[in-house]
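Using the sequences and the hints, build the whole thing.
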Amino acid sequence: MPYSLATLWHDRQRFLPGVLAVAFSSLLIALQCGLLLGIFSITSIPIDHTRADIWMGAPEVLSVDLGQTIRGSHVGRLEVQPEVVRAEPFMQGFSYWSKPVGGRELCMVIGSHLEEDALGKVDALSPDMLGQLHIHGNIVIDESDLERLGVSGVGATAEISNQRVRVVGLTHGLKSLAGPYVFCSLETARSLLGGKLTGDTEQITYVLAKCKDPADAPRVVARLRERYKDVSTFTSSEFSFKSRMHWLLKTKAGIALGYAALLGLLVGAVVTNQTLYAATVASLREFAVLRALGIPRWRIAGMVLAQSFWVGLFGVTLGWVGSHAARYVAANMGASVSLPWELQAGAAAITLLTALVSGLVALRSLRLIEPAMLLH
Amino acid sequence: MSTTSPLLWSTEGRPEQMGDGDEPTLRGIELSRSFGDGETRVTALDHVTLDLYGGQISLLMGPSGSGKSTLLAVLSGLLRPDSGRVIALGTDLWALPEREQEAFRLRHCGFIFQGYNLFPALTARQQLEMVLRWGQGASGREARRKSEEMLTLLGMARKSHLRPVEMSGGEKQRVAIGRALMKNPDFCFADEPTSALDWAHGEQVVELLRTAAHERGATILVVAHDARIIPYADRVFHLEDGRLKEEDVEDQGTKIKERV
Numbered sequence: 002m003p004y005s006l007a008t009l010w011h012d013r014q015r016f017l018p019g020v021l022a023v024a025f026s027s028l029l030i031a032l033q034c035g036l037l038l039g040i041f042s043i044t045s046i047p048i049d050h051t052r053a054d055i056w057m058g059a060p061e062v063l064s065v066d067l068g069q070t071i072r073g074s075h076v077g078r079l080e081v082q083p084e085v086v087r088a089e090p091f092m093q094g095f096s097y098w099s100k101p102v103g104g105r106e107l108c109m110v111i112g113s114h115l116e117e118d119a120l121g122k123v124d125a126l127s128p129d130m131l132g133q134l135h136i137h138g139n140i141v142i143d144e145s146d147l148e149r150l151g152v153s154g155v156g157a158t159a160e161i162s163n164q165r166v167r168v169v170g171l172t173h174g175l176k177s178l179a180g181p182y183v184f185c186s187l188e189t190a191r192s193l194l195g196g197k198l199t200g201d202t203e204q205i206t207y208v209l210a211k212c213k214d215p216a217d218a219p220r221v222v223a224r225l226r227e228r229y230k231d232v233s234t235f236t237s238s239e240f241s242f243k244s245r246m247h248w249l250l251k252t253k254a255g256i257a258l259g260y261a262a263l264l265g266l267l268v269g270a271v272v273t274n275q276t277l278y279a280a281t282v283a284s285l286r287e288f289a290v291l292r293a294l295g296i297p298r299w300r301i302a303g304m305v306l307a308q309s310f311w312v313g314l315f316g317v318t319l320g321w322v323g324s325h326a327a328r329y330v331a332a333n334m335g336a337s338v339s340l341p342w343e344l345q346a347g348a349a350a351i352t353l354l355t356a357l358v359s360g361l362v363a364l365r366s367l368r369l370i371e372p373a374m375l376l377h
Numbered sequence: 369m370s371t372t373s374p375l376l377w378s379t380e381g382r383p384e385q386m387g388d389g390d391e392p393t394l395r396g397i398e399l400s401r402s403f404g405d406g407e408t409r410v411t412a413l414d415h416v417t418l419d420l421y422g423g424q425i426s427l428l429m430g431p432s433g434s435g436k437s438t439l440l441a442v443l444s445g446l447l448r449p450d451s452g453r454v455i456a457l458g459t460d461l462w463a464l465p466e467r468e469q470e471a472f473r474l475r476h477c478g479f480i481f482q483g484y485n486l487f488p489a490l491t492a493r494q495q496l497e498m499v500l501r502w503g504q505g506a507s508g509r510e511a512r513r514k515s516e517e518m519l520t521l522l523g524m525a526r527k528s529h530l531r532p533v534e535m536s537g538g539e540k541q542r543v544a545i546g547r548a549l550m551k552n553p554d555f556c557f558a559d560e561p562t563s564a565l566d567w568a569h570g571e572q573v574v575e576l577l578r579t580a581a582h583e584r585g586a587t588i589l590v591v592a593h594d595a596r597i598i599p600y601a602d603r604v605f606h607l608e609d610g611r612l613k614e615e616d617v618e619d620q621g622t623k624i625k626e627r628v
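Residue numbers (the numbering used here), protein chains in the order written: chain A, 2 to 377; chain B, 369 to 628.
Treat the hints as calculated values from the structure; they're not laboratory data.
All values derive from a computational prediction rather than experimental measurement.
Think of the CB as a built atom: it goes at the ideal place given N, C-alpha and C, for glycine as much as any other residue.
A portion of the hints provided could be inaccurate.
[Said to hold, decoys possible] Ranges of calculated distance between the beta carbons of each label pair, as one might list FRET restraints:
| # | chain 1 | residue 1 | chain 2 | residue 2 | range |
| --- | --- | --- | --- | --- | --- |
| 1 | B | Glu-391 | A | Leu-369 | 38 to 44 Å |
| 2 | A | Pro-3 | B | Arg-453 | 38 to 44 Å |
| 3 | B | Gly-406 | A | Arg-365 | 50 to 56 Å |
| 4 | B | Arg-513 | A | Arg-365 | 33 to 39 Å |
| 5 | A | Arg-365 | B | Ala-471 | 20 to 26 Å |
| 6 | A | Arg-15 | B | Ala-564 | 23 to 29 Å |
| 7 | A | Ala-254 | B | Ala-471 | 34 to 40 Å |
| 8 | A | Leu-369 | B | His-582 | 35 to 41 Å |
| 9 | A | Leu-63 | B | Arg-467 | 58 to 64 Å |
| 10 | B | Gly-406 | A | Gln-14 | 45 to 51 Å |
| 11 | A | Pro-3 | B | Arg-513 | 16 to 22 Å |
| 12 | B | His-529 | A | Thr-318 | 48 to 54 Å |
[Said to hold, decoys possible] For lysine to any residue, the following SDA-like pairs were computed, each having C-alpha atoms within a straight-line distance of at most 25 Å:
| # | chain 1 | residue 1 | chain 2 | residue 2 |
| --- | --- | --- | --- | --- |
| 13 | B | Lys-514 | B | Glu-539 |
| 14 | B | Lys-527 | A | Trp-10 |
| 15 | B | Lys-527 | A | Lys-213 |
| 16 | B | Lys-613 | A | Ala-373 |
| 17 | B | Lys-514 | A | Glu-116 |
| 18 | A | Lys-213 | A | Val-81 |
| 19 | B | Lys-527 | A | Arg-13 |
| 20 | B | Lys-527 | A | Trp-299 |
| 21 | B | Lys-527 | A | Pro-3 |
| 22 | B | Lys-514 | A | Arg-13 |
| 23 | B | Lys-527 | A | Ala-373 |
[To be verified] Stretch-level coverage of chain B by chain A, calculated; a stretch enters the list once three of its residues show a Cβ under 8 Å from a Cβ in chain A:
| # | segment |
| --- | --- |
| 24 | 435 to 443 |
| 25 | 464 to 477 |
| 26 | 491 to 500 |
Here it is as structure tokens:
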């Protein structure tokens, strides 16, 4: 066992505050980011809950919910790709929902093909719902939006863009941010979003495609980007990430996140620094003997830095366990905390780095080492 | 009552001037050192000159505050004198840059201090390994082997896994001695090495140091109050009011040579 680790274990009570501080920092960063990612993952529901590997939309589209119309004939651009087995149109756009009790609410209309294996159909739609959605004007909404939309449930009617719609099913877990999702057929969506499609029934919002091998999607996307500059083409994971990041940055939520994370890091850094400093000062006489024996100062500095590494590692591990526990608790309370591995790795790396920097700052204590102090 | 083997101390790599008894290995020339300023100024060393030889254990005695530890610190390169020179193995120690002084200590010097100063978290073996691994870049395996050999010679083979809190004072001091002698130093400086021990353990410690001097030609300087150590010393110095006298160990207390 390395000397630094042996010291850490032996003096664990002394080092515990540092470990807890690092764990707190790591937990705070992961949880803050996870909560925001959880919230903003709502914006990418149409991507994350459908089967497409490739999305093609209007040029410079910022987020999936901000898609503009493109020509329906663009479906052919994807169909002819050798790796693509299927391509379909997809419609999505904001409209106004008129509540039966009065008042209006912004909603997001999503229209797709309705086959069991359709690419744009969200996975929460049951076969029964799909069958009913073939009837013009029939829609499915999420259970969580019933109150917001002013309807009681299945069978209720309302109006979207002055056209009567009828709720034929309820999904679960497809919460919305800006406007409730309204799932329907492509034809119903064309009708409900008609105001934006005047005179051209061939207009759609996206072309979705499925590859024989999903691993081919990036290559196809690169080829299409090169060939067609009048559209934007993404893999589904790219577009999902882009959509979430757009809202994260646009709402300035990232700034709030930055401050909270910074505060957590600061607390962690100060406590870790003090812990390491105190631990080094407690061993000054032992270090002084080593200095008298001619052991170079950098060796001792290396031990302090190694201690800061272990403090960081144990803290990050504890923080990791804590963040997963917090996610479980949050999920039981109905809040979504998203902890992708990139986020966990990033939070761990930042906190570990902070612990190491704290160790570097704590090296100032080594100036106190004076071998002559050992002589009486 | 030696606790050590005749093969305890390796003589490999010894400089020629070590232990031949003719040339001093360590010379202090006109050493002076004061502390404080003005009326509070205290002179610890007043033009002290002495020669120490390899293969000998020299005892430095004197009342509290007489400057014994200061002289040890100046001779060992830990405390710069106000004036005077220290010649160690032919090198003017205080003329060296700090980094080279450090390298000199690393290569040639071992220290034993009064308070053991062992790392609480480390076992007896790790305390010794650390010196070889950090000081000489020895591999873990080599450091472990040499540490176990040293602990065996110190009578601590069965206690190599103990941490300081689990050892007696005598055992801790033996580990401290092992740490000082691990790198086979040319010089060993011991400051009150027996003061915290009962005489049985103190005697063992002095025996170990005397063996180190006689068997491997090291130059050993011991600062102590305890007059019971005198019979084990080859030379005895007395420091008082910053001035040094050497006593004749053949006829202690009666034949004092003025060195200053």
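Please flag the earlier hints that this structure goes against, numbers listed from lowest up. Failing hints, ascending: 3, 7, 12, 15, 17, 20, 22 and 23.
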